[in-house]
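S.K.: Between the sequences and the hints, there should be enough to build the whole structure, so can you do that?
Residue numbers for the sequence shown follow the numbering used here, beginning at -5 and rising by one.
Hints in this document: simulated from the structure, not taken from any laboratory. Glycine included, C-beta positions come from ideal geometry on N, C-alpha and C. Please note: incorrect hints may appear among the correct ones.
Said to hold, decoys possible - Here are the in silico distance ranges between beta carbons for each label pair:
| # | residue 1 | residue 2 | range |
| --- | --- | --- | --- |
| 1 | Pro142 | Pro64 | 16 to 22 angstroms |
| 2 | Phe10 | Trp141 | 27 to 33 angstroms |
| 3 | Lys68 | Phe10 | 19 to 25 angstroms |
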Amino acid sequence: MLRFPHYLRRWSQLLFGLFLFGFSLAMMLRANLGVDPWTVFADGIRVQWGFSFGWIVVVSSFVVLLIWIPLRQKPGVGTVLNALLVGPSMEVGLALVETPETLIQRVILFAAGLLMLGIASGLYIGARFGPGPRDGLMVGFNARFGWPMWAVRTVVETTVLAIGWALGGSFWVGTIVFALMIGPLAQRAIKVFRVEDYSAKETGR
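M.R.: Shown next, in the form of structure tokens:
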């Protein structure tokens, strides 16, 4: 029988993690040290074919979800809420956080945002309601083939960055740091915050 405190913890982790996810993206954006690889990818497509960022994000998310099929990865409520809540929480962050005046302050803000994003990924994925489209690749390859999540995430991010750059997308040093660090940070956080599956435990699975 599902324990209410356990269920409450999962929902709290999911919602708080998604809020931190969007807020941390806003922090890194305000640091002005480079956008994340997927934004570079979207920018490259925009440069080549003139599509809007919004349209590119929607289409690329759909393509990523198609890759879930051979990975046997299924979307969950967390996948849906990721699409609905990260954007608004990012807007909150952009409204509250200003770009610092000095370079060292911007570096600190970017580093804090990157660390927070790793923690946020661990919180919402660890709640076991389903990852977002792009995080699902990391989880799916790990579940299907046993590949380390940090390695999958790093390969995906660097590949997306390389394609975006080849298409003409712009990036700076923060983009490279993001691509190399987000995988290890997210994998560590998922291990720390993963909620135990009591229902499976009680049924002996």
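S.K.: Next step is simple, just say for each hint if it's right about the structure.
M.R.: The hints, checked one at a time:
no.: 1; hint: Pro142 / Pro64: 16 to 22 angstroms; verdict: holds (19 angstroms)
no.: 2; hint: Phe10 / Trp141: 27 to 33 angstroms; verdict: holds (28 angstroms)
no.: 3; hint: Lys68 / Phe10: 19 to 25 angstroms; verdict: holds (23 angstroms)
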